[in-house]
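In the order they appear, the protein sequences are chains A and L.
Heads up: the first sequence begins at 2 in my numbering, then just goes up one per residue.
Heads up: the second sequence begins at 2 in my numbering, then just goes up one per residue.
Treat each hint with caution, since some may be false.
[Stated by the list, open to error] Quick list of in silico lysine-lysine cross-link-like pairs, DSSO-like style, CA-CA up to 27 Å:
hint : chain 1 : residue 1 : chain 2 : residue 2
1    : L       : 291       : L       : 161
2    : A       : 317       : L       : 345
3    : L       : 128       : L       : 288
4    : L       : 48        : L       : 128
5    : A       : 128       : A       : 41
6    : A       : 174       : L       : 48
7    : A       : 162       : L       : 345
8    : L       : 345       : A       : 318
9    : A       : 272       : A       : 48
10   : A       : 345       : L       : 162
11   : L       : 345       : A       : 345
12   : L       : 317       : A       : 345
13   : A       : 128       : A       : 48
14   : L       : 317       : L       : 345
15   : L       : 174       : L       : 162
16   : A       : 136       : A       : 291
17   : L       : 18        : L       : 317
18   : A       : 272       : A       : 133
19   : A       : 128       : A       : 345
20   : L       : 48        : A       : 48
21   : A       : 161       : L       : 345
22   : L       : 41        : A       : 345
23   : A       : 18        : L       : 345
24   : L       : 288       : L       : 133
25   : L       : 133       : A       : 345
26   : A       : 161       : A       : 85
27   : L       : 345       : L       : 41
28   : L       : 288       : A       : 345
29   : A       : 161       : A       : 288
[Claimed, not checked] For each label pair, taking beta carbons as the anchor points, the in silico distance ranges come out as:
hint : chain 1 : residue 1 : chain 2 : residue 2 : range
30   : A       : 7         : L       : 217       : 55 to 61 Å
31   : A       : 70        : L       : 84        : 17 to 23 Å
32   : A       : 256       : L       : 256       : 18 to 24 Å
Rather than coming from a laboratory, the hints here were simulated on the basis of the structure.
Here a beta-carbon is modelled for each residue, glycine too, at the ideal position from N, C-alpha and C.
Here are the chains, one letter per residue:
There are 2 protein chains.
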Amino acid sequence: MKNLNLVPFVSVDNMMKLVLEIGIERFSVELSAYIEDDFKRWELFDKTPRVASHSSTGVIELMPTSDGETYAFKYVNGHPSNTKAGLQTVTAFGVLSDVSTGYPALLSEMTILTALRTAATSAMVAKYLAPKNAKTMAIIGNGAQSEFQAIAFMAINGIKKLRLYDIDPVATKKCMDNLRGYDLEITCCASAQDAVEGADIITTVTADKQYATILTDNMVGAGVHINAIGGDCPGKTELHRDILLRSDIFVEYPPQTRIEGEIQQLAPDHKVTEIWQVITSQATGRKDAKQITLFDSVGFAIEDFSALRYVNDLIKKRGHFDNLDMLADPDTPRDLFGMLLRAKQA
Amino acid sequence: MKNLNLVPFVSVDNMMKLVLEIGIERFSVELSAYIEDDFKRWELFDKTPRVASHSSTGVIELMPTSDGETYAFKYVNGHPSNTKAGLQTVTAFGVLSDVSTGYPALLSEMTILTALRTAATSAMVAKYLAPKNAKTMAIIGNGAQSEFQAIAFMAINGIKKLRLYDIDPVATKKCMDNLRGYDLEITCCASAQDAVEGADIITTVTADKQYATILTDNMVGAGVHINAIGGDCPGKTELHRDILLRSDIFVEYPPQTRIEGEIQQLAPDHKVTEIWQVITSQATGRKDAKQITLFDSVGFAIEDFSALRYVNDLIKKRGHFDNLDMLADPDTPRDLFGMLLRAKQA
């Protein structure tokens, strides 16, 4: 019989073992299929904008959602100045629970998993929005998320060429070094302008918490798909407003994206399309070769739900978890106090 | 140097060791002092009603708060029918984090800790509201929370006599058995009416998710303090509305209590007093010996914050924790992908 006090826990070390055993490419592909499946049943989910606690240095967020059978939430922080102290900008962990009992079924690290799910979401969405036969992607911002984006777009969308730019050349070099050995032709670029030259897809993934202008209007040509990852909290955007006005904009969950995404620069009733409607054929994705499509991605709880669901399925087959003594389990359920007394006697 | 990937974790077993090493009475007293301290600086805290996900069988809630330096949240479920399957009605765990970095500093079981903090809060509040020299308390509902209430009121308020009633006599017997050995004179009562006879304080702590009437108006005499614990979510109340109309009502956080507490039965502008204002002498608690005071307790995030803060201080002195490999800590912070690659080589 299952020990009711134990919750499976996937540590950072075990997450790395899982990802490496499966392979980063296959993990990205399988994870994106889980996300796509959950986007297809979008209407089933309890949805709420994330619960954010802002401070002068960053934000701590809780992202809950439920499909009525399974509940999940993620804890995630965003602290751009952390890197100066040798810390991660983003760390995360998450929990999957059984709605019928409220008991947690999985606790998992999600720093690595969030990096993978963000990229898997971008690549899944680009299947519906990117120009046909896109082969070249610019990545502006070559930090912790950049390689995951590269691998996901390679594995899922057939991207062959990367054009990298970061204001910090060390970041670009790190990204290039990490991607050596993959089937990708990589060009290190001198500017964002240079990077977008000939790109079918432009991924912006910078980390500064400020209204920035990574892309100006003249840099974005007809037919491009923009995968905008970095503009993801109030006061943090990456694209010039004029680009938004020329683009057809696709979002995850409008009530959250209007607060956190690039579209915080626009009127609150500016037309956007919910990407799940494109995936379920209720709305049109890319219409023609000249259209500029923009995925204004901020990251939504359902993507974390999918990622935890995937990991939960993986560990059942592959192991790589520990059991945590996290839930009190008295001999009789109403006797929590008696459990303490008996522990004293034991 | 501290390993940045590790988060101290207090398991159920370690929580029991901590509680037993200190003693349940002293733990209750010290914890209630932490809660009282945090209620004194109530205005500093980021406050939000808990984020609840309701289903037909229960609720899963996230309860975050922050004082600007430390952030905490609790995950807690409430599933009254769980006991039928041998599960706890309420299980919980929580996390304390550093606001300046967003890094978790503590993960702890909170099933036991919530039981202790709920009782410690009740007893702390009763210092301000209960009639002078109260010696006798009725406890209606003798489930998992009942003994913790008994011990806290004994240790903090000098309660000497308990009058117990539960619709299930097995629960009352369990409560009596567990409290044997403590300096308490215990009477097992045949009805709620019987239990409140001569009681200075009436604690109601039943678990059914429905509009119940544990106490009717005729049962509540002048001068009594009612410690109403069980009415704590929409559709779940314990007291007849007429009792509320005769009482001066004290609450934790009105926006949450109006949704979840006994006062969901009243008009949304019915006068209530925030208990922190009594504790800081900005409002009056008990005015005279005839007044009926009612603490309409639903449990608020700041109490969990205090409890986690207390446990975090305890483990620094006493140990009783494990280190969990919960946070990715690459050699260089922007190189999460490189960490995976190096794990592959290793």
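Hint by hint, here is what the structure shows:
1. 291(L) with 161(L): 22 Å, holds
2. 317(A) with 345(L): Given pair residue 317(A), residue 345(L) holds - Cα atoms ~22 Å apart, limit 27 Å.
3. 128(L) with 288(L): Holds, at roughly 13 Å.
4. 48(L) with 128(L): Holds. Residue 48(L) to residue 128(L) sits at ~24 Å (cutoff 27 Å).
5. 128(A) with 41(A): 14 Å, holds
6. 174(A) with 48(L): Roughly 44 Å separates the two Cα atoms, so the pair is violated.
7. 162(A) with 345(L): With a Cα-Cα distance of about 25 Å, the restraint between residue 162(A) and residue 345(L) holds, given a limit of 27 Å.
8. 345(L) with 318(A): 21 Å, holds
9. 272(A) with 48(A): It holds: about 20 Å lies between the C-alpha atoms, which stays within 27 Å.
10. 345(A) with 162(L): Within the cut-off at roughly 25 Å; holds.
11. 345(L) with 345(A): With a Cα-Cα distance of about 45 Å, the restraint between residue 345(L) and residue 345(A) is violated, given a limit of 27 Å.
12. 317(L) with 345(A): 22 Å, holds
13. 128(A) with 48(A): The hint holds at about 24 Å.
14. 317(L) with 345(L): 35 Å, violated
15. 174(L) with 162(L): Holds - the C-alpha atoms of residue 162(L) and residue 174(L) are around 16 Å apart, at most 27 Å.
16. 136(A) with 291(A): Within the cut-off at roughly 16 Å; holds.
17. 18(L) with 317(L): 14 Å, holds
18. 272(A) with 133(A): 24 Å, holds
19. 128(A) with 345(A): 60 Å, violated
20. 48(L) with 48(A): Holds, at about 21 Å.
21. 161(A) with 345(L): 24 Å, holds
22. 41(L) with 345(A): Cα-Cα ~34 Å, so violated.
23. 18(A) with 345(L): 8 Å, holds
24. 288(L) with 133(L): 11 Å, holds
25. 133(L) with 345(A): 34 Å, violated
26. 161(A) with 85(A): Since the Cα atoms of residue 161(A) and residue 85(A) sit roughly 33 Å apart, the hinted pair is violated (cutoff 27 Å).
27. 345(L) with 41(L): 52 Å, violated
28. 288(L) with 345(A): Violated, at about 42 Å.
29. 161(A) with 288(A): The hint holds at about 24 Å.
30. 7(A) with 217(L): 55 to 61 Å: 44 Å, violated
31. 70(A) with 84(L): 17 to 23 Å: Hint holds: Cβ distance 21 Å, inside 17 to 23 Å.
32. 256(A) with 256(L): 18 to 24 Å: Given about 20 Å between the Cβ atoms, the range holds.
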